[in-house]
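Protein chains in written order, with this note's numbering: chain X, 1 to 267; chain F, 268 to 577.
For the record, the hints were derived by calculation from the structure and aren't laboratory data. Even glycine gets a Cβ: it sits at the ideal position worked out from N, Cα and C. Any given hint could be a false lead.
Claimed, not checked - Each pair of labels, with its calculated beta carbon distance range:
# : chain 1 : residue 1 : chain 2 : residue 2 : range
1 : F       : A346      : X       : G186      : 52 to 62 Å
2 : F       : R570      : X       : F51       : 49 to 59 Å
3 : X       : Y254      : F       : L336      : 52 to 62 Å
Stated by the list, open to error - Think about it this way: if two alpha-carbon atoms lie no more than 25 Å apart in a straight line, the pair counts; the simulated SDA-like pairs of lysine to any residue are:
# : chain 1 : residue 1 : chain 2 : residue 2
4 : F       : K408      : F       : A421
5 : F       : K344      : F       : S356
6 : F       : K408      : X       : T47
7 : F       : K381      : X       : R157
8 : F       : K408      : F       : I350
9 : X       : K10       : F       : R378
To be verified - One-sided excerpt, in silico: chain X residues whose CB lies under 7 Å from chain F:
#  : residue
10 : A12
11 : G16
12 : L81
13 : L110
14 : F174
15 : L225
16 : A238
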Amino acid sequence: MRSEASFPLKAAAALGLLFLHLPIAIIFLYAFTTEERSYVFPPPGLTLKWFAVAWERPDIWQALGLSLQVAAWATLLALILGTLVAGAMTRARFFGRDQVTLLILLPIALPGILTGLAMRQAFGVAGIPFSTWTIVLGHATFCIVIVHNNAVARMRRLSGAILEASADLGANSFQTFRHILLPNLGSALLAGGMLAFALSFDEVIVTTFTAGAQSTIPIWMLEELIRPHQRPVTNVVAMVVFAATFLPILAAYYLTRGGSETAGGGK
Amino acid sequence: MTAILPVRGLADRLTALFWRHPRFLTALLLAPPLFWLVAVYIGSLAALLWQGFYSVDDFSGLVVEEFTLSTYASLFKPANLSILWRTVSMAGAVTIASAVLAFPIAWYAARHAKGRWKAVFYLGVMLPLWSSYLVKVYAWKLILAKEGILSWAAEASHTTPVLEAVLSLPVIGGPSLSTSYLGMFLVFTYVWLPYMILPLQAALERVPQSLLEASSDLGATGRQTLWRVILPLAMPGMVAGSIFTFSLTLGDYIIPQIIGNSASFIGMAVYQLQGTAGNLPLAAAFSVVPILIMLVYLGIARRLGAFDAL
Numbered sequence: 001m002r003s004e005a006s007f008p009l010k011a012a013a014a015l016g017l018l019f020l021h022l023p024i025a026i027i028f029l030y031a032f033t034t035e036e037r038s039y040v041f042p043p044p045g046l047t048l049k050w051f052a053v054a055w056e057r058p059d060i061w062q063a064l065g066l067s068l069q070v071a072a073w074a075t076l077l078a079l080i081l082g083t084l085v086a087g088a089m090t091r092a093r094f095f096g097r098d099q100v101t102l103l104i105l106l107p108i109a110l111p112g113i114l115t116g117l118a119m120r121q122a123f124g125v126a127g128i129p130f131s132t133w134t135i136v137l138g139h140a141t142f143c144i145v146i147v148h149n150n151a152v153a154r155m156r157r158l159s160g161a162i163l164e165a166s167a168d169l170g171a172n173s174f175q176t177f178r179h180i181l182l183p184n185l186g187s188a189l190l191a192g193g194m195l196a197f198a199l200s201f202d203e204v205i206v207t208t209f210t211a212g213a214q215s216t217i218p219i220w221m222l223e224e225l226i227r228p229h230q231r232p233v234t235n236v237v238a239m240v241v242f243a244a245t246f247l248p249i250l251a252a253y254y255l256t257r258g259g260s261e262t263a264g265g266g267k
Numbered sequence: 268m269t270a271i272l273p274v275r276g277l278a279d280r281l282t283a284l285f286w287r288h289p290r291f292l293t294a295l296l297l298a299p300p301l302f303w304l305v306a307v308y309i310g311s312l313a314a315l316l317w318q319g320f321y322s323v324d325d326f327s328g329l330v331v332e333e334f335t336l337s338t339y340a341s342l343f344k345p346a347n348l349s350i351l352w353r354t355v356s357m358a359g360a361v362t363i364a365s366a367v368l369a370f371p372i373a374w375y376a377a378r379h380a381k382g383r384w385k386a387v388f389y390l391g392v393m394l395p396l397w398s399s400y401l402v403k404v405y406a407w408k409l410i411l412a413k414e415g416i417l418s419w420a421a422e423a424s425h426t427t428p429v430l431e432a433v434l435s436l437p438v439i440g441g442p443s444l445s446t447s448y449l450g451m452f453l454v455f456t457y458v459w460l461p462y463m464i465l466p467l468q469a470a471l472e473r474v475p476q477s478l479l480e481a482s483s484d485l486g487a488t489g490r491q492t493l494w495r496v497i498l499p500l501a502m503p504g505m506v507a508g509s510i511f512t513f514s515l516t517l518g519d520y521i522i523p524q525i526i527g528n529s530a531s532f533i534g535m536a537v538y539q540l541q542g543t544a545g546n547l548p549l550a551a552a553f554s555v556v557p558i559l560i561m562l563v564y565l566g567i568a569r570r571l572g573a574f575d576a577l
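Based on the sequences and whatever the hints tell you, model everything.
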């Protein structure tokens, strides 16, 4: 096998990446347009005023606050539950192991509209009013798998011998967890947590069903898409959200680098 | 252990218990997440599907809470069957297109990119994956609109006749790209492509170099190596990716609403039936279709080893 890539391969890979990024660049471009109502290309002029307008809009700040709050709680819950499953899955081959894998995978393998609709029905039957917590409940359910994937990938690479060594030296299970397992898992959990956070922050389909009248950033954006108010403001928010997710993804990449090929591999 | 070390308290006693009964620890670890997933998730899903056994009274429009199979049977009406067929074909087309587009990117990133370029490729896929879904749909609305960038580019490069010829094709064409199946297909492919690239790349990274060398030592051409060695080994990754591209297209209700010719898809049908139409039983019956399809799909995927590639 040649070690140098052939030209068609290089071209196809480059074009593929371009295909993935051009639309995002267009969003950026239209955040600076002077034309408020339509999207003529090329934009008639460029301005910075939409950033100031977006800054003054209280509805954006409120949605942003709720999104951050929901993402933080959902991530925390997913971290706890995902790590527990990962621990059980790497420890032993037990009856029903494949079924558990399936169960964890189901919330993201099934369309989000089902998760959302099912939960809304359940909240209705149980008489639970919509609140921040109903959104968190929905988000945590599909964030578990991301934390689980990251933790399992790291645990597989971890030698079982160091856990046995810890036990031989007299540490009990909890000490082993605290001093041996947790430091080794730390960066994988941080990476999984960041990806879960980004996923929750961006989720719209389940949220439309579990939010009631509350508005997270994606819900706000959906409303702006259907009933545009000041179109370029939507672009400004989109740009800020993009920049805000760039950092955790970059961090997650550097945290799981070095052999962990499955990090973030499955959303 | 107790013979050598003094017992220091509850933690030690529990450790001994875990040691003697490893299953106890496994059960303890699994209990909270399984409780969550079964009670919160499976429970509400089952309650929803049960609604499908109820029906809606044609005159009052109210849900009749009596067991009946008529709602599920109405899925086989021609109008509803065409929705199912349309959605599944779209999901299949999107999955195939994603696999074809993803392969060169994944292969280059897995086998050729080194150091800094590896990071560029990884982030180049991760960023579109994690950037807002709505933002991406919105971007394509701008690109595909009648006065949008694609029309502008076609005019600037004097290829407008080509664009018009494509749009005049039966079924996939339409008045403009943003109101045609072709446009919808493009947007779906764009939005779900990264989900295919990542597992595929992970699978390709695990293809041993020695096998490729052996293949060419035995006289295989590059094409033969690709078809007979690389693709079979990459299959679990491709199937893992297709779980996402297929399922996400199957249930999406926002893209068909914003791009396309208002023809109904499963997700849209469910959304409208439970909302404005107030026909929750039929919405539930429609929901069963993607669940059944995905359960079969996941069953096949597990056999092909896709779960290890996730």
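- Query: Out of the numbered hints, which ones does the structure contradict?
  - Reply: none
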